[in-house]
Amino acid sequence: MISIDQAVRNYQAGETVVRALRGVSLDIEQGEFISIAGPSGSGKTTLLNLIGCIDALDGGEITINGEAVSSMNKKSKTDFRRINLGFIFQTYNLIPVLTAYENVSFVLSLLDLPEQEVRERTMGLLKEVGLEGMEHRRPSRLSGGQQQRVAIARALIKNPQVVLADEPTANLDSETGEEILKLMKEMNRRHHTTFIFSTHDKMVMEYAERLVMLHDGQIISDERRQ
Amino acid sequence: MKFLISLAFKNLTRYKRRTIITALAIAIGIAMYIFIDAMLMGAEYESVRNLKWYETASARILDDEYWEERYQYPLDLNISDPDPILERLEAEGITASKRIVFTGDMILSRAEFGEDGNIPVRVTAIDPSRDFDVFHFGDTLIEGRFLEEDEEAILIGSWFAEDIGASVGNWVTIITRGNGGFYEAIDLQIVGILNCPNPNVNRTLIMMPIKTADYYLAMDGAATEINIRLPDQAEVEQEIATIQGLLNGNGITVMSWETMAKDYLAIAEAKRGGTGMILFLIFIIAAVGISNTMLMAIFERIRELGMMRSLGMSDMKIRIAFMLEAAGIGLIGSTIGVIIGVIANYWIINVGIDFGFLMREMDIGYRIQSIFRGTWNPGTIAVAFFAGILISTVVAYLPTNRALKMDIPSCLRHQ
Ligand SMILES: Nc1ncnc2c1ncn2[C@@H]1O[C@H](COP(=O)(O)OP(=O)(O)OP(=O)(O)O)[C@@H](O)[C@H]1O
Ligand SMILES: [Mg+2]
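In order, the protein sequence lines correspond to chains A and B.
Counting in the numbering used here, the first sequence runs from 1 upward without gaps.
Counting in the numbering used here, the second sequence runs from 1 upward without gaps.
Hints are all accurate, no fakes.
What follows is a list of derived Cβ distance ranges for each label pair:
1. B:Val383 x A:Ser40: 55 to 63 Å
2. A:Ser40 x B:Asn292: 32 to 40 Å
3. B:Asn292 x A:Ser71: 40 to 48 Å
4. A:Met1 x B:Arg402: 32 to 40 Å
5. B:Gln415 x A:Asn159: 27 to 35 Å
6. B:Ile285 x A:Gly31: 57 to 65 Å
7. B:His414 x A:Asn10: 20 to 28 Å
8. B:Tyr346 x A:Gln116: 46 to 54 Å
9. B:Asn401 x A:Asn10: 21 to 29 Å
10. B:Ile339 x A:Ser40: 53 to 61 Å
In case anyone wonders, no lab produced these hints; they're calculated from the structure.
The beta carbon of each residue, even a glycine, is placed where N, CA and C say it ideally should be.
Next up, chain A with everything else stripped away, as it sits in the complex (with noise of 0.2 Å):
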């Protein structure tokens, strides 16, 4: 489903070129669970946010669903977000004046569903999630772990294919990431989507059912598990 082939991404840092990405190639299926592991500066952020069309490649090709990425424009990669991806962040980014109902809920406003639809699927799943009852708390009044699940909720609330998650798990305690990651499993199991998340942390990893490590913008090993 989705293609890396020899993906090169070099950012340019004053003089120096840093070569992030140095010819990464994988292929993902739809409904794997899997985890882009590897030391700080490695390259994960990039390749994330390459699959997530909002980085363009300097070599190399990535193809979803058989559309070439390197051929779409700036319209037609936001259309592709808006309705394929799904984007979990390490701080959670939720709209600080937004409750938790409406920073879910805002997702679907952008397909211009109907009010009626908005509502059940918005409540049903922040009930999946774990958030029953506390729909109408802004992300001031709910923890960081209920802030993540509100988080996940929204990446997952439009049904997207794939949903990208860099380093959901970074700033929360371990105990809480480990629910983190128990329900982002459920819902790839339950949902059948693609979760790929990033992380440099030996206790998320084991989560993974693809574990791909990165060093130096290269992958060293990509091995399934379970």
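Keeping the supplied structure of chain A fixed, place chain B with the ligands upon it in accordance with the hints.
Chain B with the ligands in isolation, oriented as in the chain A frame:
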């Protein structure tokens, strides 16, 4: 769209203090705009009225060549037989009165004024029984009495009286040249002092009975001008055409107050231009304030912006969201501004500001002696209200665009 509106208004409450400060900046700009406009409009309205009431009347009949030579105050370019014209005008229901205007030197004697002196003056000889039907001096007497038909007496403006140290009962001599050029000295007693609301008049006014002037200047019944008062709503140009018809030539002509006051009106026009500049500056200041606020608001939310863009929110929608937010600030600012402006207007219209100290010392063109009052101007209030909203909205465009130029990963990494 509904979501964008509600998001914009929720974000307004997010930085309450900043929203309020910016809204107040806009409000002050708008209130000042409304206030200054009301005051200037009022001053202009009153100036024009005082100009007509005490200087030009609505229209004036003159000898054909008089206007060209008006600064000489020529007695020979006169209306030789004014009375039939006055009768004809009266028959048409038009109020009019004749005058002789001449210049001379006023001699002040040591006996009367403590020291000798002489000053150039302009004297207006009026028909005491009819002049106040045309001009509005009727209620300006503050000391003494009005003139009688045929006496050697004058009325003077109160500022003029102050300047020469005159009071009722003093005698002065006016030296002038009569019709034909002979020298004449006329002894006149000050019988009354007028306080004319038009400062230009109050500073110079000397009035005497026309019969006395006729005698001393050998006018033989002639007048230098006939002044006409038209009703306030009259179509001046149309009336003038009618009057011109009545005169059927005879070497005399009729002029509207607008023609006579051309210089004044040109200055008023220039003043309006000047105020336009002030108002423009006020708006620039408000615009810079809004722009800064939006810039800060947007850059504090760069990560949020990155999130929204990753989720596939189009640049257009993001732009609309921020512009709606700015429009909200504009709406609050405009509303407060209009309220303050209207309150300030109530005051300037009903109480006014006393610029007497200023008007006494110099002539700044306005024909108002002391208290400047404003006037209501609903058009300006509406324009100011909408301009506040519009400018806020437009001004938010630039900082939003700047933020949208950043790539999404940089937005997401932003602290
Ligand atoms: N915009 C950029 N400009 C310059 N260099 C960049 C930029 N983004 C990433 N890099 C560099 O590219 C390399 C890979 O960065 P990336 O963020 O993908 O690493 P990462 O694996 O996500 O690291 P971390 O665990 O610290 O998040 C790093 O050396 C980083 O400094
Ligand atoms: Mg990273």
